[in-house]
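Each chain is listed here by its residues.
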Amino acid sequence: MTADLTALSAAGIAGAVRRGEASAEAVLDAHLTRVERLEPTLRAFLTVTRDRARAAARAVDEKRRSGGPLGPLAGVPVALKDNLQLEGVETTCASKILKGHVAAYDATAVARLKAADAVIVGKTNLDEFAMGSSTENSAFQRTANPWDPARVPGGSSGGSAAAAAARLCALSFGSDTGRSIRPPAAFCGVVGLKPTYGLVSRYGLVAFASSLDQIGPFARSVEDAALALSVVGGHDPMDSTCASAAPPPVPPIPPDLKGLRVGLPREYFISGLDPEVEKAVRGAVDVLKGLGASVREVSLPHTQYAIAVYYILAPSEASSNLARFDGIRYGFRDRSPRGLEELYERTRGAGFGPEVKRRIMLGTYALSSGYYDAYYAKARRVRALIARDFELAFRDVDLIACPTTPTPPFRFGEKTDDPVAMYLSDVFTIPSNLAGNASASLPCGLSAAGLPLGLQLVADRFGEAALFKAARAFEAARPFPALP
Amino acid sequence: MKEYELVVGLEVHAQLATRTKLFCACGTDGFGQAPNSRICPVCTAQPGSLPVLNRRAVELGFQAALALDCEIKGSSIFARKNYFYPDLPKAYQISQYDRPFSENGRLTVALKDRAPRVIRIKRIHLEEDAGKLLHELGAAELDGSLVDFNRAGVPLIEIVTEPDLRSSEEAYAYLSALKEVVQFVGASRCDMEKGELRCDANVSVRPIGQEALGTRAEIKNLNSFKNVKDAVDHEFRRQVELVESGGTVVQETRLWDAEARVTRSLRSKEDAHDYRYFPDPDLPPLAADPNWVAELKAALPELPAARRARFSRTLGLSAYDAGVLTADRARADFFETAARSAPAGSSKVVANLFSTEILARLNAEGKSAEQIPFPPGHLGSLAGLVAAGSLSSKGAKDVLIRMWETGREPKDIVGDLGLAQVRDDEKVRAWVKEAVAANPKAAADLKGGKAAAIGALVGAVMKLSRGQADPGLVNALIREAVQE
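Same order as they appear, the protein sequences are chains A and B.
Read left to right, the first sequence gives residues 1 to 484 (the numbering used here).
Read left to right, the second sequence gives residues 1 to 484 (the numbering used here).
What the hints contain is simulated information worked out from the structure, not anything from laboratory work.
All figures in this text were calculated on a predicted structure; none of them were measured in a lab.
There may be inaccurate statements among the hints.
Below 27 Å or equal to it, Euclidean Cα-Cα: the simulated BS3-like pairs (lysine-lysine) are [said to hold, decoys possible]:
(1) B:K411 to B:K348
(2) A:K378 to B:K394
(3) A:K357 to B:K411
(4) B:K348 to B:K433
(5) B:K447 to B:K433
(6) B:K411 to B:K433
Partner residues aside, some chain A positions facing chain B, computed with beta carbon under 10 Å [claimed, not checked]:
(7) T91
(8) Y105
(9) Y203
(10) V206
(11) S240
(12) F332
(13) L367
(14) S368
(15) Y423
Cβ atoms here follow ideal geometry from the backbone N, Cα and C, with glycine treated the same way.
Let the sequences and hints guide you as you build the complete structure.
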C-alpha cells in the first residue's frame, strides 16, 4: 500500500490489518516516521516506546498469519497520557517526584487496549499530575499546538490531544477531572470524550481527584472515539466506583436527528465568551437544527458556583491522593535529610511544581479541622445542587450544546501568571465532572486565524449512546479539515 | 485527702480472621514470613491502585458486633485518616470516622466475688492496619530503617467502650470477656503474640461523687492484659498524686514503658495530628442488607457465658469444669458433640476424659481442640464403654493413646488390646480361688478383720487376669471367698 497509513482512522486501520491489507508493523512504521519528523516541534511524548511497540505490532501480524482472531483495535497505534500505568514503562505524571518510577502493573484500560491488539506507542505529556489547562505545568517540556506551535494544546491532556491531531497515533487516551480531555480536544481540533463517571475503570489512573477523574479517548472521528470507549469501558471489579453498565456499541450515522431535543444553557452564553467561539457554536447548533433536532433554552442556575466548588473538592481529594508521593517507596527522594520530617519536606518540596503545591495547600486547608464544614462539606452540598441542575434539564432535553472553551487556543505564557484566569477558562467543562455525566468536545470550525474551535455536547449519566448518535450526524453534516 | 474514682475507657483493635487483606487479595499470613512477601500494587499504594472491600471482613466485623449486642447501621462510610509515616503507604489509613458500621453495644463482665457489670460499647468500626518499621535490621544493613508491608492492609475492627470501667480489675475482666466473645464467634484469633489484639486505654480520675469526667490521658503500647492492668493502676496513682499536689491533668497521649513500668508523655493535645478525615471517594458507602444482618444474627453461636451456664445446668458440671470446657469455641464444640453422641448418663465421663486426658495431651503438644486427631463421636463411644463398666479408667487412658495415634474407633482398639473388662463371674471366681490359695496369710488376715490385706489378693487376681478383671467384681468375690 502506498497510501499514507497515518491518514486512516482507527477503525480503518483495524479493518485493514484484519483483512491483511496492511501489516501492523507497516502502520507502526508510518506513525513512527511521523513522530521522528514532527516530535521535535510538537514534543507531545514524554516516552516513545518504540521497541515495545514493534514487538506488539509483530505479535499482531503473527497472530493474523497464524489465523488467530484479532481484537477490535488490531494494529492501531495508541498513545497514553503519562498518568496511566503501563507495566514496565516509566509513569511520571510529568512530575519530578515520579521521575524514574517504572509502573509495576497495567491500568485496567491499558490491559483492555492490549487485549484488543492495540499497539501502544508511548506516553504523552501533561500538566503535572493533570493539574492545569495548557500542559505548561509539565515539569519536563511544553507541548505545542499542532495548528499553531506558538499556542498551547490545552490541558491537562495536551500531549495526547496533540498526538492524535498530528497523526502521531490513531487514538490516544487522557483523563478528565475538570477539563483535561475536552478543551485540549477543542484546541487541537479532535474529538475528545469524557465518559460518564463510572463507565471506565480508574484502576491504574494515577489519582488526582477520585470522585471526578475519568479516562477517555481522543480521536479524529466520533466513530473512533466510540470504538475506543467500547474497548476500555465497562465494569471492573478492581474499581469500586465503576458501574456495571456496559459502553454502547458504535452507532451508525443516523439519517437525521428528528425528535432529538437540544438545550442551550442560558448561563453558558455569557460575556467573556469569545465572539468567534459563540458564532461557531451557534452555527453548529443550526446544523443540529437542520438535521431535525429541536432546540430550546435550558437553565443550569448553579453554574456560577461550579469553579469555586471544584477548587475546593478537587484540591481536597488531591491533597490526600498525592500524599503517597513521600519518597519512601518509589520515585524521587531527597538524599540529604536529617530525620524523617526533613525527608518529607525536602522530597516533596523539590519534587512537586508550584501548581501542584498550590492545590495541595488549598486542599489541606479545606479539610482542616475547624474549616471542614465551611469548605469541604458545603462544597459537597453545592455539588449536589449542580448535579440536580442537570437532572432537571435532562427532563426536558436529550442533550445540552454549549462551547467547550470560552476562547480559541491561547499563546504560551498568556495565562501562566494568573492562576485564576486559567481556572476560569474551564467554566464550561467543570460542571459535567461535578455532575458525573457524559460530555464530548467536537471540532466545529476554525477561527479567522485558522485555529480549531470546539462544540461541547453533554448527555445525562450513561447517555453516551444518544451523544454518539447526534455527534455522528453532526460530524457527517459538518466535516472538519484534517491537519496537513 | 479526697477519695478518687478511676474512670477508664478502652479501645481495642482486633485483627479479623480473614484469609486476605481488607482491600486487596494479599494473604494475612505474613507474620513471621519474609518481609514484603504479602504485598501488591494496592497495599503498597502504587500510583493508580484502588481499594476493593473484602466482604468476608465485613461479615466477621458484623458477627463480632452482633455478639456484642451492637446495632448494625444500614449505611456506614469509609473515611481517610491522613498522616505521614513510612509504615503507612498511602499516607492515609482507610478507617471509619463519623459513620461507623455499628454502635451502642454492651458486654456483661463477670467479676470475682462481685455482681457482674454491664460495660457499654460505644462503637465498632472497620479499618486497615499499617506496615511495620524494622529499625534494627535496617540500621545494621543499610544505615537506615526498612519497612515491611506484610501487615499493611490487614483488616481490623476497633471496639471502643464508653468510660464505664472503674478499676484495673474491671479493665482486665472486660478484656478477657471481650477476647472470649470475639474469639468464640470466630471474628478474630486474638493472638496477642502476633499483635492480633491491641489495646489503648483512656484514663481519668475524679473525686468520688463528682459527675463530670476528669481530663483523660490516652495510654498506648499496651500489648498484654497484664500491662493494661498495671498501666491503669500506675496512671491512676500518677493522676491522683498530680491533682493532690495542686497540679492538673493535661490531655495527652502517653506510652506505657513495660520495662520501667511507668507511663511517659508522648505528645500533648496541641501536638496532636489533624487527621483531616473525609469520606474516601474510592469506596461507596457500606450498605448493610437487613436480611443479611438478620441471617448473621440468627447464625450466631451460643456465646461462652451462656454455654457455660447451660453445661453446668444440664450436665451437672462444676463452674470450674464448665469454664475449662468452654475456654474456646473449638474445645466447647468438640466436647458438646462428643457428649451428645455418648450414651445417656455418660456425659460426665466425657467431661472427665476431656478435661483430664485430652487437655493434658493438647497442652503438652501445644495444640488446639481443632487438631484432635479423631472425631468427637469416638470420645462419646469411649465414654460409653467406661460408663457401662466394660472398660476400666486405666484402660480408657490406654485406648485414648491409641485413638490419638491411629484415629480408630475405641471398640476396635479395645478388641486389639484385649482391654475389655472381664465381668464373667465364673472366670473371675476361678482367678479369686487361685489367688486365695496362693496367699493364705492374706486371706486369713482379711478374714480376721484386717481390711488392708485385700490389696495383695486383688493384685494377685489382676496379675492372673492380665488386668482385665473388673475391680469391683474382684473385690466382691474376694470378700465372698474368704467368708466361706
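Outcome of the hint check:
Proximity of K411 (chain B) to K348 (chain B) is assessed by CA-CA distance (about 20 Å); at most 27 Å being required, the pair is judged to hold. Distance check on the hinted pair: K378 (chain A) and K394 (chain B) sit about 78 Å apart at the alpha-carbon level, beyond 27 Å; violated. Restraint check for K357 (chain A) and K411 (chain B): the C-alpha separation of about 79 Å exceeds 27 Å, so the hint is violated. At most 27 Å may separate the alpha-carbon atoms for a hinted pair to count; K348 (chain B) and K433 (chain B) exceed this at roughly 36 Å.
For the given pair, K447 (chain B) sits about 15 Å from K433 (chain B) by alpha-carbon distance, which is consistent with the 27 Å threshold. At most 27 Å may separate the alpha-carbon atoms for a hinted pair to count; K411 (chain B) and K433 (chain B) exceed this at roughly 31 Å. Taking 10 Å as the C-beta contact cut-off toward chain B, the hint placing T91 (chain A) at the interface holds, the least distance being around 7 Å. A hinted interface residue such as Y105 (chain A) counts as satisfied when its beta carbon comes closer than 10 Å to some beta carbon of chain B; here the least separation is about 5 Å, so the hint holds.
The beta carbon of Y203 (chain A) comes within 5 Å of a beta carbon in chain B, closer than 10 Å, and the hint placing it at the interface holds. A least Cβ separation of about 4 Å between V206 (chain A) and chain B falls short of the 10 Å threshold, and the interface hint therefore holds. Hint on S240 (chain A) holds. Least Cβ distance to chain B is approximately 5 Å, under the 10 Å limit. Because the closest C-beta pair between F332 (chain A) and chain B is about 13 Å apart, greater than 10 Å, the hint is violated.
Residue-level restraint check for L367 (chain A) holds (minimum Cβ-Cβ distance to chain B is 4 Å; threshold 10 Å). A cut of 10 Å between beta carbons decides the hint on S368 (chain A): the least distance to chain B is about 6 Å, and the hint holds. Taking 10 Å as the C-beta contact cut-off toward chain B, the hint placing Y423 (chain A) at the interface is violated, the least distance being around 21 Å.
Taken one by one, the earlier hints fail for this structure at numbers 2, 3, 4, 6, 12 and 15, listed in ascending order.
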